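Residue numbers (my numbering): 400 to 595.
Check the hints yourself; a few may be wrong.
Claimed, not checked - With a Cα cut of at most 20 Å, we get these calculated PhoX-like pairs of lysine-lysine:
#	residue 1	residue 2
1	LYS548	LYS566
2	LYS566	LYS587
3	LYS582	LYS566
4	LYS568	LYS587
5	LYS568	LYS582
Hints in this document: simulated from the structure, not taken from any laboratory.
All values derive from a computational prediction rather than experimental measurement.
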Amino acid sequence: MELIYTNQLEGFDPDKRYRTASLFRGIERDATAVVVVGDYPDIVAAYEAAGVDVLVEDAPAALIPSAKAPACGDLADEVAKLRAENGAVILLLDGLDAGEIQRPESGELAIRLFESLGIIHGSVGELTTERDGLLLTVDALRGEVEALKKAVPAAPTDEAGEIAALKAKLDEAKVQYRANASKESLEKLIADLPKA
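Take these sequences, add in the hints, and give me the full structure.
Structure below.
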């Protein structure tokens, strides 16, 4: 497989395989031939060391501004605007890292980002308040449950044993009863046994 290492942005041949030269990290084992467009001695050396044929081509010359392209002064202005925008975003991010958000003085993108972060911050604040309210409600409900548990007298633990003994007597006498019958109804059935 032939690989072409280049940093071009357009004009690709769909029948060829391209790689970005500036992102080179190591050779590809299945490459049989390599074309390097531009000055990338590390790519050339790596493939030559692996025994792969390497062809080096000069990078195409930078385009000269035409009448349709912005003038060099306009381009410099655009670059200056982008740098200022970048600086404003970096200041905003540095402030966020430090734990404080401050409105940038310039930069359309930085100001929009600041406003979006303000909305997110407000929403998170509302959710936090709502969560804290729910936690207080849950704590209050737990307190009520504990108070109710203390208010209801605990049934004696031996009552279950008494019910089991009453059921055993009824089973021995072959008297039918409900599985969830109360202690009182079981006692009544046993009291009726001698009459039967």
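Outcome of the hint check:
For the suggested pair LYS548 and LYS566, the alpha carbons sit about 29 Å apart, so the restraint of at most 20 Å is broken. Distance restraint check for LYS566 and LYS587: the Cα-Cα separation of roughly 12 Å lies within the 20 Å cut-off, and the hinted pair is therefore satisfied. At most 20 Å may separate the alpha-carbon atoms for a hinted pair to count; LYS582 and LYS566 meet this at roughly 9 Å. Of the pairs offered as hints, the one joining LYS568 and LYS587 holds, with about 12 Å between alpha carbons and a cut-off of 20 Å not exceeded.
For the hint linking LYS568 to LYS582, the alpha-carbon distance of about 13 Å falls within 20 Å, and the restraint holds.
Violation of the numbered hints given earlier is confined to hint 1; every other hint is satisfied by the structure.
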